[in-house]
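Protein chains in written order, with the numbering used here: chain V, 1 to 345; chain W, 1 to 345; chain R, 1 to 345; chain Y, 1 to 345.
The hints are simulated quantities; they were obtained by calculation from the structure and are not laboratory data. Errors might be hidden in some of the hints.
Because identical chains cannot be distinguished in the list, a pair is counted as satisfied if it fits within a single copy or across any two copies.
[As the list claims (entries may be wrong)] Here are the simulated BS3-like pairs of lysine-lysine, each with C-alpha atoms no more than 30 Å apart in a straight line:
1) K24 to K2
2) K37 to K268
3) K298 to K221
4) K24 to K187
There are 4 protein chains.
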Amino acid sequence: MKISIIGASGYTGGELLRILYKHKNVEIDKVISNSYKGQKIAELFPNFRNVLDIEFTGTENLKEDLKESEAVFLAVPHKAAMQYIPDLMKWNKKIVDLSADFRLDDKEIYEKWYKVEHTAENLFKEAVYGLPELNREKIKKGKLIANPGCYPTTAILGLAPIITKKAIKMSSIIIDSKSGVSGAGKKCNKNTHYSETNENFKAYAIASHRHIPEIEQELSKLAEEKIVITFTPHLVPMTRGMLSTIYVDLKEELTEEEIINIYKEFYKNEKFVRIMEDSIVETKNVRGSNFIDIGIKKDERTNRIIITSAIDNLLKGASTQAVQNLNLICGFNEGEGIDFIGYLP
Amino acid sequence: MKISIIGASGYTGGELLRILYKHKNVEIDKVISNSYKGQKIAELFPNFRNVLDIEFTGTENLKEDLKESEAVFLAVPHKAAMQYIPDLMKWNKKIVDLSADFRLDDKEIYEKWYKVEHTAENLFKEAVYGLPELNREKIKKGKLIANPGCYPTTAILGLAPIITKKAIKMSSIIIDSKSGVSGAGKKCNKNTHYSETNENFKAYAIASHRHIPEIEQELSKLAEEKIVITFTPHLVPMTRGMLSTIYVDLKEELTEEEIINIYKEFYKNEKFVRIMEDSIVETKNVRGSNFIDIGIKKDERTNRIIITSAIDNLLKGASTQAVQNLNLICGFNEGEGIDFIGYLP
Amino acid sequence: MKISIIGASGYTGGELLRILYKHKNVEIDKVISNSYKGQKIAELFPNFRNVLDIEFTGTENLKEDLKESEAVFLAVPHKAAMQYIPDLMKWNKKIVDLSADFRLDDKEIYEKWYKVEHTAENLFKEAVYGLPELNREKIKKGKLIANPGCYPTTAILGLAPIITKKAIKMSSIIIDSKSGVSGAGKKCNKNTHYSETNENFKAYAIASHRHIPEIEQELSKLAEEKIVITFTPHLVPMTRGMLSTIYVDLKEELTEEEIINIYKEFYKNEKFVRIMEDSIVETKNVRGSNFIDIGIKKDERTNRIIITSAIDNLLKGASTQAVQNLNLICGFNEGEGIDFIGYLP
Amino acid sequence: MKISIIGASGYTGGELLRILYKHKNVEIDKVISNSYKGQKIAELFPNFRNVLDIEFTGTENLKEDLKESEAVFLAVPHKAAMQYIPDLMKWNKKIVDLSADFRLDDKEIYEKWYKVEHTAENLFKEAVYGLPELNREKIKKGKLIANPGCYPTTAILGLAPIITKKAIKMSSIIIDSKSGVSGAGKKCNKNTHYSETNENFKAYAIASHRHIPEIEQELSKLAEEKIVITFTPHLVPMTRGMLSTIYVDLKEELTEEEIINIYKEFYKNEKFVRIMEDSIVETKNVRGSNFIDIGIKKDERTNRIIITSAIDNLLKGASTQAVQNLNLICGFNEGEGIDFIGYLP
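Just chain V, same shape as in the assembly:
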């Protein structure tokens, strides 16, 4: 099966390329980027030297160029994705969209947080939020998969079992997240400048990050009530990795062991979710893999639970999760091409 990637020049695009190149069921067809049109991909991604010798294509003849591609990944910024997707739907492509454009169900909320008009609202009903651990069956039947954001992946999977169980005070959720710098992408600015970022730690977009509505929407579905959260992202001086520390107040009387069992039961069939009862949740243990590691600790003194969840922000937080979604919509083995073991150290 042939697949193409639109917006293949960023970090998640490069990781998609790396993963799909080795995927047994697919063949890379077109690698599309208007900025790098005509350049060899190995010029931009020197790790592909002597490996893959194809050129970036522009978007002038998209229909023609994609005619052999059954599936298309979009790794473009929000707003750009919604410009391509209506056509791709018309051309009957399977779509995995790594942007935020089809993650939210509500045009108004989208426009409030993203400050742009949404021009393809009619496709909202077709879009499936691509968290396989929660939405597997819908994804299998879907055609337009909205691949989750990196922060939401840690937050939603970290909270799903205890929220589904309705064992907590829904108004008490605080998510304190920490991300490596690659999440900010390739663009150069103060947040990605080495000397400004190295040996530095800071919060940013406190209580105002765009991933808030996405987290709230998915948690609200699980809780069957409207959830409002407090969310603070931070920038960690490392390239890859993301860890969220999540605080919730227990409503019911549950021991730590009972809570851990709720999590183990909830994820018992999930290959890529690891419940770490001993709280050894560290970003390096999942780096280079599609795993999410989740640890649970009860603070007996305050009756809170503290959940830590860790992913590789570019993989389970983006590119391997996107391929996991592709595998589901295409009926491939769900772990095909993404069952790497993380690398240490």
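Model the placement of chains W, R and Y on the given structure of chain V, informed by the hints.
Leaving out everything else, chains W, R and Y in the frame of chain V:
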């Protein structure tokens, strides 16, 4: 005035040396370490080459060795400090103790959290908790100053204004702290091993760190009621710096501006506290200095306040704060020898 | 085919496990470490959680334990390897030894540089130096493969074409190498302590590193004359990666283009060697892969050539090269299990 | 005495500000930057919050603005400096120029390496190359001091004693230098982007870096013959610090001890040069200070000397050296304001 340092071989000891060497009102007398006895300090701290050519002394003749020292710093681990301090008190020294041994008022709590017997309980009433911004007058009259821990410095100063104002729900305090690796000291283990720590982020000692009782004790005094907190420390892949993100539920209706004004008013005479209304709180802005930077953000959607406070963990979190305390007990200018501007980048 | 690993608890052992677990032609039999005997490998390597659930075995019943293993990797320190290898040879195992014990042809030189007696000199004639790009045919017929050191891999492959061509003054070779910290292994000391190593750069073992005789031996074979080099290793504040900058004086009149062509011709059939004519040799381009990237620059003003060569020190410098050797001695596809594309960023 | 800084918005400008603010003999007059005109310096350098509350001035009324300034630092890029300096000379200011514009004696060489026309050639004879350890007397009498580049500082001071002694083959000099990322300044590009630079090591500008003519010019003066060098700079994933590893072939028969004594004798009156006989030269030992640490090792097997020299690239490589020069031209104590002890860790 002559001063000596017991336990001068660790990172905080080395920083004390560096600061005191340039302090106008003091002269370094003895630099004491049983492990390095007889060695030149520049062998251990090569930054002192060609600068300071003295040797470490052991503790065999402590009384004699310290006879000219009016003040003594202890930069030894907890438990070791309480072995020296009764004698030092008898010999009438001014003492700044960087260990935890005299920070807590309650023998039972100390023994519960530190798992060792406290053998100098009788000195508890003499000890003053050395946070100058809160206890300045007591410190001036004190003889035994218990220099605060690094995490508590960020937590207590970050919360003091709003707790004193009693504007929050006292049971809602969550402190999510992040520290550079130097806080773990010179000893080698998994938490200080480069390849295990670099490009990694993790929580540790969740809801069980020894700084919890210290934070609770001091906050309870300010609140005039018993406070219990949730506290999670994390390890950041950087050498220096500490930032705490603190979450509290507002009890009163206060705007963000009103809260900021409470903080500005509270710290209006404090040279080393900077209220950053624009939330630009980053560890690098305080690195190399005695400043604590505090930012305040109201989460309008949840009626929480999110406070970020940043220090250099080895300086305001240890060594410059210790010298600030010395300055107070000796009647020197409070900022003498510690009014460095942090260095960028 | 079953394989076992002796000394599987270090970084190269962990990487061997990760690679061999996914290798199509082999099955991991025993994972041997006396220090971790009885522990699950996922306790030591949390990246293996939910993936591989086997225990470390001790060496008490080595013969019995290895009876189904056709091949054995040794990832133990020098001196330990020579204690196991005579037995393994007797038991007719195929051996890939990652230690230094059988890299040198000369007992005297070994003992001079490694300061221990060599007790298995009789096996020297059996050992093949495992640089596939230079010794492929010998390796295929070998039974005891001495896997090269990381520094020697960069130095020898970086110099082989121009030395074989005899185009340089053989006495002029200077190798200035830089290694990430993982090369120092898991043991804790000043060179691996985060706060001592981060934000620091230094040379070590100047003109006295143990890889010198190994480099000289292999270069001398290529030159057909005795070569003596100057070699300086440095420690770079990063976990993985190694780059050598190599200086040689040209003897013949050759243009930069001619030299590059000598390299391209020499390595024209080598899948894992990339000649980067534009000098874009960076450790991150090879990280996570078995590639060695080599760049060539002629300094027209001094008639020197400056060669840069970069590898992942734990992979082409250790574990993937070991598997490349296994593939050769077993007649597997040479790139089987090791043809990863490096990961960016 | 009042001083001003033109181009105060970069890293070396910020460090100049930090140093001069605490300098006993000077007062900061104008802080000049057209890009940041009208902004408070603490907006750009948050480390100055609550410390220094002045605004950046533009260059429209330079003459008037500088009328009270006796000395002026230029921390602008090359080419920009030569536009201001003729006027500053006319106005009789003492000048320390951190750019490259007046370091070279020869217009043709300048124009060849910097690819711009030099428009103030007439001032070449006034300019003094500001390496105090070599040119102290000239600097004292100078008015226009060309502050050395960072790489040249390590190279020239690292080689001066042995070249002056004429004990080496002058054609054999190879300088392999490694710099932290702050040397690339505040501008954003691939070389300063965190995710591209972190966990990466590479050479750049091999045999073509602009500091080559500066190093050759100064070494040639010491050697009293024309010297041509090979020079390779590398980028280290750390913010601050620079180390050069220098290789030279001995001409005379000298023991390592004799060479060390040549260095000790040569620098015996130099407060800021430390000869480290035990080769403990590490960038962190000089970070935050004006020291240069130099180590000497003889490679007995090849009769080469390997010199390592380390500085803080922003301080002895730029800003503290600039103040050292100011101190000399103004007759202040040479170490005034710059005799910091480096900070560890």
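Taking the hints in turn, this is what the structure says about them:
no.	hint	in the structure
1	K24 to K2	both (11 Å within a copy, 25 Å between copies)
2	K37 to K268	between (45 Å within a copy, 29 Å between copies)
3	K298 to K221	both (25 Å within a copy, 26 Å between copies)
4	K24 to K187	neither (32 Å within a copy, 39 Å between copies)
Comparing the model with each numbered hint stated earlier shows that hint 4 is the single one that does not hold.
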